[in-house]
Amino acid sequence: MNDHLLSIILFSLFGGGILLIFIPNTQALLVRGVAAVSAGIATILSFYLLYNFDYKLGGFQFIERYTWAPNIGISFSLGVDGIAVPLVLASSILIFAGIFVSWHIQDRTKEFYIFLLILAGATVGVYVSLDLFFLYFFYEMSVIPMYLLIGVWGSHTKGYHDLKGYLDMAGKPKRDSLRFFFNFTSNSKEYAAMKLVIFLSVGAVVALMGILLIYSRSGIFTFDLIELSNIPEGHYGKGLVSAIWLMLFFGFASIAPLWPMHSWSPVGHASAPAATSMLHAGVLMKLGHFSIIRVAFFLFPEATQEWMPIAAYLCIGSIVYGGLVALFQKDTKYVIGYSSSSHMGMIFLGMAALNVISLTGAVLYMFAHALATGLLFAMAGWVYDQTHTRDIPSLGGLSKKMPFVTGAFIVAVAASVGFPLTVNFVGELMIVVGSWRMYPKTTILAVLGICITLCYLFRMMRSLFFGELKAEYAGVRDAGLWYDRLPLILMIACSLFYGLFPTRFVEVIQSGVVPLLDRIQSAAPLLTQTGGF
Amino acid sequence: MVAPLSFADIDLSLLAPELWMTFLGCLILTIDFLFPKVNKSHLIYLSMAGIVLICLQLVSFFISEKTGSTFNQMFVLDRLAIFFKIFVLFSTLLILLSSIDAVNKIGYFKIEYYFLLIFSALGMMLMASANDLLSLYLSLEFSTFGFYVLVAYLKDDLKSNEAGIKFFILGVLSSAIIIFGISLVYAASGTILFTELMTIRPSMSAIVGLMFIFISLGYKIGAVPFHAWVPDVYQGAPTPVTSFLSIAPKGAAFALMLRVMFSTFAGMRSEWTWFFMGLAILSMSYGNIVAIAQKNMKRLLAYSGIAQIGNILIGFAAGTKMGSEAVLFYLLAYLFANVGAFAVVIIFSNMTDKDDIEDLAGLNRRSPFLAFALLVFLLSLAGVPPLGGFIAKLYVFAAAINQNLIVLVVVGLVNIVISMYYYLIVVKKIYMVEPADASAIPVSLPLRAVVYFSLAGVFILGIFPIWFIDWSVSATEIFTHLVLR
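These protein sequence lines map, in sequence, to chains Z and B.
Residue 17 is where the first sequence starts when you use the numbering used here, and the numbers rise one by one after that.
Residue 906 is where the second sequence starts when you use the numbering used here, and the numbers rise one by one after that.
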């Protein structure tokens, strides 16, 4: 089974989606069951992957290779290193949890699960691809399911209903007209979905330009990452390497999302249904970081040395600006959305420092953030389903009605702010410690960002769950049934367990990080002096 | 010098598919004339069976590498020609299937419709084999004549009549231009054979003549700035005819252009590549930007078609063996996605008599199958993995970037984003808007078959492209004298 483990994980998700096409929509339970089983298989196998990955050996393991289109230089090759393993696991856990979180969806259940499974399969596909073509293939494939998931099953956000009265010149409601698209103050779910697609497509084609340049200028006309990594950087010429590196970086960073390319992300988070927000914040955004590591770091170590400091500057925008904006949001999902965007900055900081501790911390934090944010979005989705509002000031005292949800939310907040015992703490600590030497001032600002996180998440927790319960929310329900609780328990358990025993994870991640950084350092001596920002 | 025509060295077996096709067209017309009581749909299935057999014959030609030329090299049969003949016949099959409902609805001149369709296809098959300027002109005209009638087939419909007139006048104009171009080239070179034209020295009149010929072919494929007829004709013509018009003539015209540019004038690549780069950039940008403003589904597909032609021209401008493979592969991807999208429009307008984008609202509630199919076809046109359009786009871009055509690739990539917007506007309508009238949409068997075929094609081209890539590679073997990548 080890020979085909990755393709089994990948195709259990896609296969579930394909199988669902043949099940009639009326059999909702069967639809959910099939989705849950296919995601369950992927989750179990991802755990198997984590514990069977030989970290002493390092490098790429579980390699599979099939010819696909040799004429254009494409082969379907899969493989994971220590960096990909935790991300595959995070995707599997989140899709499994997401299927249970959206158990109550009644409208076009089948289509919802099909698109959700395709989204999850595509993200796993990116993490396991060892071929640039397939990396891009799955990357681009994850965008369209997001469009439909947000546009069909999402919800409008703040201020949308105020727009109802406005008519455009043709007498149609303004939110349906073409001009509406360019109106950046509007908040319908269709707008959020379209904005997401346009931003991500722009990012994707910029990255594709870089990939095509690699393909043609390497002189070997292949998309195979391993073969391409044997081409010395000097082969491309200095100017071209910088251009390709920047294209890859900004193309992939737009999905991460690095400030100032982040504006699609909170809007998308806020409009998406709970399970989609979970996958979006949990794994989709990490595609950006991962692809930068996998392609830009791996193929262009020298350019990485030269250009990665820009990430250290831009991440301040993400961390501090994102945090400050979150501080002033009144919509639960906007708060979590901006907090995610702020935490993504932390990962960029960890990547920019380019040393073993910080990069390991960054990868660990990707996994940790997926669980914590997934949990937060699941809770926010639950509260929204019960109360039909996401307006923080109008909520309150929900802990009296939903103790279990309150408990889970407290754990999620604790994890998000990097409270000890959670895996986030380990990741955050490693990032801060590792990047302190390279970028002391940025690190101070990042720690400040963590303090801001503390402020807004605790404030949200207080006004949602504590205080007086409003009369109109007397009828809300706690997450009482097994399928309500299962995903929450799973995510909490993973977060706490790996927070207490992170050794396995750290060893696995380091087996991927160390050779990568060796490549980078041997290409050019590591800048050891303190300084920079 | 031109040898006198003698029948001894004419190899009619090379022409067998065309002869069978002629026979088939005449057969159904005669049967209908002699036995007016015969069920028309039986005749259609008969002609489809005939076309399948002709396809099989062509496949056997392809496998046995049957090649050769006849009529003093006027007519040439090689793998490229066979590829495009199969392409034309396959699209004819799909269009025949999609037409059945629409023609029954029209209610008059039923068999004549199919006869014209088959004879247009015959003209296009000849185009794929044309090897001198005269047969180029004759086959081009032959294939267009059928369309003049077909476009104006709805005689009580003003838009259809308008479309017919527009198509006819512009078609005749383009014929005049091409004949003028041919005479100029002949005056400069003294020959009309493609193989002999290879050696002419570039002179003013030859270049102007060639420009005229390509302007006329540009009119055929609907590349900007020769596209003006496309939206009105597409909207006015009966939808199956539009579907046919958007596919088969494009393929046949590309066969001609490939033959002329990639083998006859391969030596002048650095001169003509600019011309096609310009056409590609204009077609992509204009088609995609104007498509945003469209309110009618057929017009939207017309402009998207213009943009797709621009994308194919990227591979063409690359001017390499890989570029020609990419052109062939792209045409296949375009065939399935476009015929499929039009089939959904046909199904929808057969029931509702409407084809505005607004009317498609809530299609997902009315028929989940059709909504999903349209979603897949539009995404394939937009170039989203894992569908055929994505591989095709990547193929042309890879061919172009290997020839250092960075600008062309950048424009192409920008256009992917623009096209994503308007395709997704349609997706928004069909998935996210509630229908005004939620009655289910029935899908008849032939059209269901077309949609299934196209879906299968789009997915297979995207997930297992290797078979079709291999096919394109071996069909373009005659271009091995070019730079490979």
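Just so you know, not all the hints are guaranteed correct.
[What the hints assert, rightly or not] The list that follows gives simulated cross-link-like pairs (lysine-lysine, DSS-like), each with its CA atoms no further than 30 Å apart:
hint	chain 1	residue 1	chain 2	residue 2
1	B	K1015	B	K945
2	B	K1010	B	K971
3	B	K1010	Z	K211
4	B	K1060	B	K1259
5	Z	K346	Z	K416
6	B	K1200	B	K945
7	B	K1200	Z	K211
8	B	K1333	B	K1064
9	Z	K346	B	K1333
Hints were generated in silico from the structure; no laboratory data involved.
Status of each hint after checking the structure:
Among the hinted pairs, K1015 of chain B with K945 of chain B is consistent with the structure: their alpha-carbon atoms are about 8 Å apart, no more than 30 Å. Restraint check: the Cα-Cα separation between K1010 of chain B and K971 of chain B comes to about 43 Å, which exceeds 30 Å; the hinted pair is violated. The straight-line distance between the Cα atoms of K1010 of chain B and K211 of chain Z is roughly 42 Å, outside the 30 Å bound, and the hint therefore fails. Between K1060 of chain B and K1259 of chain B the alpha-carbon distance is near 18 Å, which keeps this suggested pair within the 30 Å criterion.
A distance of roughly 22 Å separates the Cα atoms of K346 of chain Z and K416 of chain Z; the hinted pair therefore holds under the 30 Å criterion. The hinted pair formed by K1200 of chain B and K945 of chain B fails the criterion: a straight-line CA distance of about 36 Å is larger than 30 Å. For the suggested pair K1200 of chain B and K211 of chain Z, the alpha carbons sit about 21 Å apart, so the restraint of at most 30 Å is met. Restraint check for K1333 of chain B and K1064 of chain B: the C-alpha separation of about 28 Å stays at or below 30 Å, so the hint holds.
Proximity of K346 of chain Z to K1333 of chain B is assessed by CA-CA distance (about 29 Å); at most 30 Å being required, the pair is judged to hold.
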